[in-house]
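*Asks:* I would like the entire structure built from these sequences, with the hints used as guidance.
Chains as they are written, first to last, in the numbering used here: chain A, 371 to 838; chain B, 52 to 280.
To be clear, the hints were calculated from the coordinates, so they are not data collected in a lab.
Glycine residues also receive a C-beta, built at the ideal position from the N, C-alpha and C atoms.
Heads up, a few of these hints could be off.
As the list claims (entries may be wrong) - These stretches of chain B come out as covered by chain A in the derived footprint (C-beta under 8 Å, 3 or more residues): (1) 201-213; (2) 217-226; (3) 261-269.
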Amino acid sequence: MISLILIFPIIACLILFLIKNRALNNLMINLYAFIHIICSICLCIEYNPFDIKQNLFAADELNKIFLIVLSIVYLAVAIYNNGYMKDDKSLTRKLRHYSYAVLLFVLSMTGAILSSNLGITWIFIEATTLASAYLIYFHKTKHSIEAAWKYVFICSIGIALAFVGIILLTIATGNLNSLFYNDLYSNAQNFDIFWLKLSFVFILFGIGTKMGLAPVHFWLPDAHAQSPSPISALLSATLLNSAFLMILKVFKVIIIAGCDNYARIILFTMGFLSLFVAAVFVYHINNYKRMLAYSSIENMGILAIGAALGGAGMFAATIHMIGHSFIKASFFMTSGNILKIFETKKIKSVTGLLEKDNKTGWLWILSCLGIVAFPPSILFISEYLIVKTMLQEGHYWMCTGFLLLLTIVIYGLSKAVFTMSVNSGKNQEKVKLSWTMYAPQIVLLIIAFVMGIYLPYYEIIANAVKGF
Amino acid sequence: MENIFIILLGLSMLYIASTSRLKAHINMLSLQGWLLFFICIFGLTHESWFNAQILQDIKSNWVHIFGIAFIILETLGVKSFLIPLFLNKVLNKTHVHRDSDANIPHFYALVISSVILFSGFMVANIQAPALKMISPLYFGVSVSIIITSLWLITIKHTVLSNVISFITMGNGIFLLSLAAAKEMPIIVNLGVLLDIFIAVFILGLLVKEINTEFEDLEVSQLSDLKDYE
Numbered sequence: 371m372i373s374l375i376l377i378f379p380i381i382a383c384l385i386l387f388l389i390k391n392r393a394l395n396n397l398m399i400n401l402y403a404f405i406h407i408i409c410s411i412c413l414c415i416e417y418n419p420f421d422i423k424q425n426l427f428a429a430d431e432l433n434k435i436f437l438i439v440l441s442i443v444y445l446a447v448a449i450y451n452n453g454y455m456k457d458d459k460s461l462t463r464k465l466r467h468y469s470y471a472v473l474l475f476v477l478s479m480t481g482a483i484l485s486s487n488l489g490i491t492w493i494f495i496e497a498t499t500l501a502s503a504y505l506i507y508f509h510k511t512k513h514s515i516e517a518a519w520k521y522v523f524i525c526s527i528g529i530a531l532a533f534v535g536i537i538l539l540t541i542a543t544g545n546l547n548s549l550f551y552n553d554l555y556s557n558a559q560n561f562d563i564f565w566l567k568l569s570f571v572f573i574l575f576g577i578g579t580k581m582g583l584a585p586v587h588f589w590l591p592d593a594h595a596q597s598p599s600p601i602s603a604l605l606s607a608t609l610l611n612s613a614f615l616m617i618l619k620v621f622k623v624i625i626i627a628g629c630d631n632y633a634r635i636i637l638f639t640m641g642f643l644s645l646f647v648a649a650v651f652v653y654h655i656n657n658y659k660r661m662l663a664y665s666s667i668e669n670m671g672i673l674a675i676g677a678a679l680g681g682a683g684m685f686a687a688t689i690h691m692i693g694h695s696f697i698k699a700s701f702f703m704t705s706g707n708i709l710k711i712f713e714t715k716k717i718k719s720v721t722g723l724l725e726k727d728n729k730t731g732w733l734w735i736l737s738c739l740g741i742v743a744f745p746p747s748i749l750f751i752s753e754y755l756i757v758k759t760m761l762q763e764g765h766y767w768m769c770t771g772f773l774l775l776l777t778i779v780i781y782g783l784s785k786a787v788f789t790m791s792v793n794s795g796k797n798q799e800k801v802k803l804s805w806t807m808y809a810p811q812i813v814l815l816i817i818a819f820v821m822g823i824y825l826p827y828y829e830i831i832a833n834a835v836k837g838f
Numbered sequence: 052m053e054n055i056f057i058i059l060l061g062l063s064m065l066y067i068a069s070t071s072r073l074k075a076h077i078n079m080l081s082l083q084g085w086l087l088f089f090i091c092i093f094g095l096t097h098e099s100w101f102n103a104q105i106l107q108d109i110k111s112n113w114v115h116i117f118g119i120a121f122i123i124l125e126t127l128g129v130k131s132f133l134i135p136l137f138l139n140k141v142l143n144k145t146h147v148h149r150d151s152d153a154n155i156p157h158f159y160a161l162v163i164s165s166v167i168l169f170s171g172f173m174v175a176n177i178q179a180p181a182l183k184m185i186s187p188l189y190f191g192v193s194v195s196i197i198i199t200s201l202w203l204i205t206i207k208h209t210v211l212s213n214v215i216s217f218i219t220m221g222n223g224i225f226l227l228s229l230a231a232a233k234e235m236p237i238i239v240n241l242g243v244l245l246d247i248f249i250a251v252f253i254l255g256l257l258v259k260e261i262n263t264e265f266e267d268l269e270v271s272q273l274s275d276l277k278d279y280e
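*Replies:* Listed below in structure tokens is the structure:
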């Protein structure tokens with residue numbers, strides 16, 4: 371199954387290269403989405419009948435949940451993409467390049483998640499940057515060039531620094547000549563603490579760039595705002611998770627080595643800085659896609675804080691990651707609907723969304739309610755658990771700051787979303803989009819809200835926390 | 052012997068910091084590729100298996116031979132030939148030959164980068180006992196190259212200079228990986244090389260696009276995307 375999930379996109383790219391048919395582009399993206407989710411389910415239930423024996427990739431307790439989230443979001447995006455690209459007048463060649471990039475982008479994220487070796491994870495994380503650069507640059511405007519340049523350049527520097535961290539980690543490992551996670555976990559107690567601490571700083575800042583943690587988040591608002599909406603959804607809902615997983619795996623080494631207090635302080639600092647940056651910028655922004663990008667920075671901050679708290683905080687971070695991925699993907703895809711209807715990204719130029727397209731309007735409002743953790747959104751449970759853990763551990767000031775910053779973000783987001791949805795005052799001509807531009811968001815939001823009411827004891831979530 | 056090449060590598064950064072001609076920067080990149088090749092080869096001479104006999108028994112020594120071939124490909128093939136060739140092509144297409152408006156005059160840039168290099172030597176040598184399993188000279192020079200490159204990215208004005216500084220940072224990281232005195236698995240090395248090469252390739256393509264869309268290749272042109280419009 372792992373072989374199939376990793377080899378299929380390469381075969382699909384070859385087919386697209388050899389048979390230059392416009393209809394094949396979407397077909398391959400959809401086919402890979404279905405294969406991806408089937409393989410992910412099989413890996414999660416440990417049904418793996420015909421796999422080649424190898425040790426570089428494996429579905430372990432921690433990465434299964436990340437894999438299944440990637441599969442679901444990618445399937446939703448692939449279905450949405452059918453409607454989004456239907457009226458695209460781009461040349462067949464340009465669309466083919468788009469399909470190559472989407473397939474390779476998902477392949478590299480899957481590789482980063484499934485990799486059981488730190489070096490290989492690094493390679494795939496770097497590959498995500500290179501594969502998605504074209505997607506950000508897809509519209510070929512001045513702004514998209516600027517966004518793509520910042521994305522590739524800043525992320526490449528960040529990832530290069532993460533590689534410095536990996537080299538320092540190999541120094542810390544002493545006589546152990548392996549970068550396999552299992553070897554690192556089982557020998558972590560013998561590592562040199564000085565080099566280990568230093569390596570964590572480099573890896574956190576390097577991969578934190580990719581995850582969008584402040585103060586190394588600068589590429590994120592530009593890239594999310596300039597890329598096509600299905601790609602923004604993938605960037606925000608899956609790419610950031612892949613980077614988070616790598617940080618978690620290195621953090622686990624630090625915990626086993628017994629120097630986690632220091633790492634937790636850095637994670638807390640970056641988490642709160644991310645919340646602060648989002649709170650400052652989200653309030654005044656006049657571009658709704660940038661606003662969603664800042665919301666992603668905020669949520670990555672919450673993940674960092676949850677991971678730093680540990681215990682129940684880690685459980686909260688895991689379900690927050692799931693909820694954020696589903697709701698943010700829905701939010702970004704709905705922003706694509708708005709862009710199709712109003713042909714502008716300016717918040718002030720969009721009014722009366724509910725009148726113009728009722729379904730898009732409600733999806734926009736419900737996505738907003740979901741992301742601001744309005745009950746029964748699953749994010750309400752995760753944020754409640756984080757607050758509860760902070761209070762239980764006596765972090766009262768931290769808890770106050772957390773709630774204050776969240777309130778500012780909630781106000782800023784809600785104000786913009788509700789202003790766009792109502793407040794027209796003039797007769798709006800109704801618009802109808804393809805059903806594929808509504809259905810994926812509806813399904814993702816249903817999952818996110820149902821999980822908020824009834825969170826069954828999913829073995830996979832519990833195992834992820836246990837695996838950490 | 053390799054110490055001379057390491058020092059030359061450090062000094063090549065001083066030249067990059069103190070000149071504005073992009074062609075000279077690219078030539079320095081090529082030279083750095085050669086220096087890294089010599090550092091690797093002279094480093095290997097300390098290994099017990101490194102002798103002429105490994106070529107006679109290729110079957111049992113294929114790992115070592117593959118390792119040497121990889122080093123030649125990485126340092127000579129990619130770092131000193133392919134990347135400079137590609138950057139020269141970009142340079143000829145964009146017709147930007149100088150980065151004369153750096154934030155700091157070249158004389159001061161030379162002084163500051165010398166201080167960084169000297170500090171690298173000093174810290175590595177003073178802390179040598181604490182560094183344990185790594186060579187102080189490798190460590191000091193590689194860290195100073197990384198820091199100087201990051202600093203050059205912040206002061207240079209053209210996007211092509213930024214790409215060149217990114218590559219010199221990559222060379223510093225390569226030297227640091229040699230400092231660890233432990234070999235990374237070949238697959239990791241291969242992946243790293245491929246990633247860096249593609250990153251440079253994509254950045255080069257973007258430089259050409261920026262040259263077409265914008266008035267000039269200044270980084271300041273790339274600041275149109277703002278939070279408050």
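*Asks:* Decide, hint by hint, whether the structure agrees.
*Replies:* Okay, the hints, checked on the actual structure:
no.	hint	result
1	201-213	holds (count 4)
2	217-226	holds (count 4)
3	261-269	holds (count 3)
In summary, this structure violates none of the numbered hints.
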